[in-house]
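K.L.:
Model the full structure from these sequences, guided by the hints.
Protein chains: 2
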Amino acid sequence: MEKQIAVAMGVEKADLVLKGGNVINVYTGEVEVADIAISDGIIAGIGNYCGKTEVNVQGKYLSPGFIDGHLHIESTMLSPSNFAKAVLPWGTTTGICDPHEIANVCGEAGVDYMIKESKIVPFDAMFMAPSCVPATPYENNGATIDADGLDKLLDKCHGVGEFMNAPGVIYRDSDVMNKLKYAKKRGVVVDGHYPLAGEKELNAYIGAGITTDHECVDVKDACDKLRRGMYVLVREGSATRNLRDLFPIINSKTLRRLVFCTDDRQVHDLLTIGHINNNIKIAIEMGLSPVDAVTMATLNAAECYKLNDRGALAPGKIADIVVLDDLYKFNVLQVYKNGKLVAENGKALFDAQVLNCSEVRNTVHCAHIKAEDLALKLNSDIVRVMGIEPHNVTTKSLVKKVSVTNGEYDFKDGLSKICVVERHKNTGNIGIGLLDGYDIKNGAIAVSVAHDSHNIIVCGDNDRDMAIAVNEIKRVGGGMTAVHNGNIFDTLELPIAGLMCDKDIDYIATMTAKLNEYAYKVLSVNKQVEPFMTLSFMSLVVIPELKISDRGLFDYSSFNFVQIEVEK
Amino acid sequence: MEKQIAVAMGVEKADLVLKGGNVINVYTGEVEVADIAISDGIIAGIGNYCGKTEVNVQGKYLSPGFIDGHLHIESTMLSPSNFAKAVLPWGTTTGICDPHEIANVCGEAGVDYMIKESKIVPFDAMFMAPSCVPATPYENNGATIDADGLDKLLDKCHGVGEFMNAPGVIYRDSDVMNKLKYAKKRGVVVDGHYPLAGEKELNAYIGAGITTDHECVDVKDACDKLRRGMYVLVREGSATRNLRDLFPIINSKTLRRLVFCTDDRQVHDLLTIGHINNNIKIAIEMGLSPVDAVTMATLNAAECYKLNDRGALAPGKIADIVVLDDLYKFNVLQVYKNGKLVAENGKALFDAQVLNCSEVRNTVHCAHIKAEDLALKLNSDIVRVMGIEPHNVTTKSLVKKVSVTNGEYDFKDGLSKICVVERHKNTGNIGIGLLDGYDIKNGAIAVSVAHDSHNIIVCGDNDRDMAIAVNEIKRVGGGMTAVHNGNIFDTLELPIAGLMCDKDIDYIATMTAKLNEYAYKVLSVNKQVEPFMTLSFMSLVVIPELKISDRGLFDYSSFNFVQIEVEK
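The listed protein sequences derive, respectively, from chains A and B.
For what it's worth, the working numbering labels the leading residue of the first sequence as 1, then goes sequentially.
For what it's worth, the working numbering labels the leading residue of the second sequence as 569, then goes sequentially.
Calculated from the structure, these hints are not laboratory results.
From a predicted model like this one, the values you see are computed outputs, not experimental measurements.
C-beta: ideal position from N, C-alpha, C; glycine also.
Check the hints yourself; a few may be wrong.
[What the hints assert, rightly or not] Which bits of chain A does chain B cover? Going by a derived footprint, with three or more residues having C-beta under 8 Å, they are: (1) 16-28; (2) 39-46; (3) 158-166; (4) 216-230; (5) 308-317; (6) 386-393.
[Said to hold, decoys possible] DEER-style ranges, computed between Cβ atoms: (7) A:Val219 - B:Met854: 26 to 36 Å; (8) A:Thr144 - B:Asp741: 32 to 42 Å; (9) A:Arg244 - B:Val599: 24 to 34 Å; (10) B:Asp877 - A:Glu199: 19 to 29 Å; (11) A:Lys156 - B:Leu839: 46 to 56 Å.
P.N.:
In structure tokens:
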């Protein structure tokens, strides 16, 4: 503290002074020309300063580092340190990260790994303790985090991750109540997840202490939540893009309660359009003042998540600073994290360091699969079929007459078979169903990213290739693979919990592009479908209409399992 | 939590529903017609509800309870429970209270008393641990709170009270540094007090963790502080009224960082114009939208002081609700605190309960004073004189030729004598000086409220009446008294630390009016001067130009003691 004061007073020289930039002031909405003096990674003063090192930033615009209000690192398939390397050049210096996916595979050890690797890199990942592990009782996952487990995680986490179990809140499930009581006792932020909540349900949910929501799908939904005191996180992810729809909610009264987030973002988008900078750019394009857009990405997020040490360029705040070319072009030239230059011209200036943490490796535990294990025995030819909806992760529940030989489904009618192979506890569970609209031919695709329990999902037009694909996923300890006529084309290995790769973003982008192209061109997968990502969501039972877990077909409308055969 | 949810869901009836009012929404700037359902003192839901008790508030406006961002209860001379009774009817339900005055008399025990008595009444006094006890090293007070003492107080206080010792911060005094480090470690709010700080000084002060200021005197001062990240508390006190001067700083960008406060408010104003409602009314009169004005008095203050449980009418917030007749007339009809009706039509519906706490009683410890103890011996007739500035608490440092007989000042030239009698530790210290512009005749006035050490100040035109007045203050254990030609006219007893009365606001208002009238009419005190309050500030050595403590005359410009005689 003494040194900071001495530097502020001009008695000691700052470590670094950014000279003469246009400093974006999120407190007053102004842009002021001033020097920023930095000492020990903290902003000591703004005004007229000398430093041991001085960098001329005249004509440039300086913004506080951007904060992503809600994201899942796992969705990028990047390890935490590679994730940091990917987002820092875009100006994101802090992320509120929910390690929900890895927790469903590895439990507390998964969260520990995420925290540990994040600490190596100059990026502040604030981890939220995942609240829904398992996500539902209708599937087998790798771990359970009950209320006491959550409380233990809160010793090392910043708050509680998205509370997807809204029914558990409004119907007062006892473990859910205990989780919320632990959070309240600690005074930590609890993130919400409750699209289109009803009036009374929303009162109940917010009254229980849940203060953010990133699932608003329209203006009414967002306004309802703002009125009742929630921070609304305006999401611009890869699959879910809400900013344009929600733009009308932004005004001078509501601004302070609005935050940007990405939630799930894929490597292709990270490489091309960026991260939170993209939310800001879109908002500016739509007519929001650049300073207001920056305020949403900085001060508002800091206030929402009680991060008093950041979110503004002001004395005492950590020196996370984004240097921009222009307020409207909004290109990120340089990024300082804790007063150090960590990215320049789109490139990180540090190395990722993927930890070889045994607790999150070798997480695929299932027996070798034979083709006959995947046989779909039917005692009727009128069956329920999952109907893919193009560009969406929901399905329609269809009823079709299918082709059956010797009491088994025989693939002759062109439907794809989809199986979920339990891979955590070697239960031998295999859920088997049929998929319409995927259209795979002469092969199979398998992936160990399968929301939210991350069992192995495989889809194909013959059991032999499907078994080969599952066994390949088992062999590499998780990943994405494509098989054609008995041959493995290629595999993106995701050795970290079967969710994340240990290589960098370029490798992942190249491999996913290659596998997707192969799926379309060689395996004839429907071009209206994302070959791997679509499969990853076929096991997400909490959205409509017909889904599949390792325990079988799940019908959303009755919210229970159903037999594949339709009773006559 | 379960019950709140059940009420929110409409499964259980609310304790109380305020039906159909115009609900002020500080999150969106809207006013919406809705019911407010309250359960166990908490807002369970807003919408359409039934309750065990229902109150029709159609046509009325409902605001969150007002929060005073900074105040000293002692300045009203009301005890905490009587203070609550006085402000609740005006809609103030929470106050950030700095018990700086009583701490200077009684130390930690004084703070304990304030906390204890406040808890009896339906008012949330959030006490800040006084940071400057004693206020300066140039006077004797009743207690010392060093860094460790402050840390101990923080176990029971909400944050750290106004950090008046700005030089101690910018020059890195070690005890000051330790105080700020303790506050930082606990993550509590530290209030500031730094009028017209320079650019570098402000960086240093804010960087040290001080986040509010209520001493802004003009637009530039306030803007400087807003830009560097401070919350600016816009004060409308009795002596210091800044709202009209600072009004231009309020705009849609800065609003969220602006809070209302009263700092020091006297009983007359409390009875007539009110409290924070008065700040709101003035702001509305000046053109601020009523909802914005309410937002300053509620949500902004809650955010500034990290009071997540209040500041808005929303589920999960405590049910502190002000019922208003109209957004522009802004008359308070009813006040609910924790869901209970506590004031109606200007009257509190509860009783004060003054604690008879021995630690804060009988705090006047000095010997019986004789007239000759107050003799001013002079070895020169050219002396320094404190020149009162009408309507101000500063003085001019004058040099005058005075009338001396037998080596003693003899009163023949019409100046008043002013003495500060140490009353905490019976040191026998008496500071003696001369006062120009007070003009008292044939008597004396004495008071034990004397900033910031609260010794006894007495002023008169003869030593005999002055001694009588001091001895009367000693006899009653602190108070305000007026003496005329050897007779005590009347005394307002302030038995609580010599600062606060144990009677209600009407009694204090009557007594102070009576004593002031007597001072003007019988003792001929200058009508440009507040007879008692002006004296109370003559011992405040940290403001210009010539002041007096129990240790002698103090010169602000040299910031040290001076002899009364001017060297020739």
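K.L.:
Does each hint fit the structure? Answer for all of them.
P.N.:
Cross-check of the supplied hints:
Only when three residues or more bring their CB closer than 8 Å to a CB of chain B does the claim for the segment 16-28 of chain A stand; here the count is 3, and the claim holds. Residue count for the segment 39-46 of chain A with a Cβ under 8 Å from a Cβ of chain B: 5. That meets the three needed, and the coverage hint holds. With 0 residues having a beta carbon nearer than 8 Å to a beta carbon of chain B, the segment 158-166 of chain A misses the requirement of three or more and the stated coverage is violated. Here's how the segment 216-230 of chain A fares: 5 of its residues keep a CB closer than 8 Å to some CB of chain B, so the rule of at least three is met and the hint holds.
For a cut-off of 8 Å, the count of residues in the segment 308-317 of chain A with a CB near a CB of chain B stands at 6, and the three-residue condition holds. Counting residues of the segment 386-393 of chain A whose beta-carbon sits less than 8 Å from any beta-carbon of chain B gives 0, not enough to reach three: the coverage restraint is violated. A beta carbon spacing of about 33 Å between Val219 of chain A and Met854 of chain B agrees with the range 26 to 36 Å that was offered as a hint. A C-beta distance of roughly 54 Å is found between Thr144 of chain A and Asp741 of chain B, which places it outside the suggested range of 32 to 42 Å.
One distance hint, 24 to 34 Å for the beta-carbon pair Arg244 of chain A and Val599 of chain B, holds here, with the actual separation near 29 Å. Between Asp877 of chain B and Glu199 of chain A the C-beta distance comes to about 22 Å, which sits within the given range of 19 to 29 Å. As the Cβ distance of Lys156 of chain A to Leu839 of chain B is approximately 54 Å, the hint placing it in 46 to 56 Å holds.
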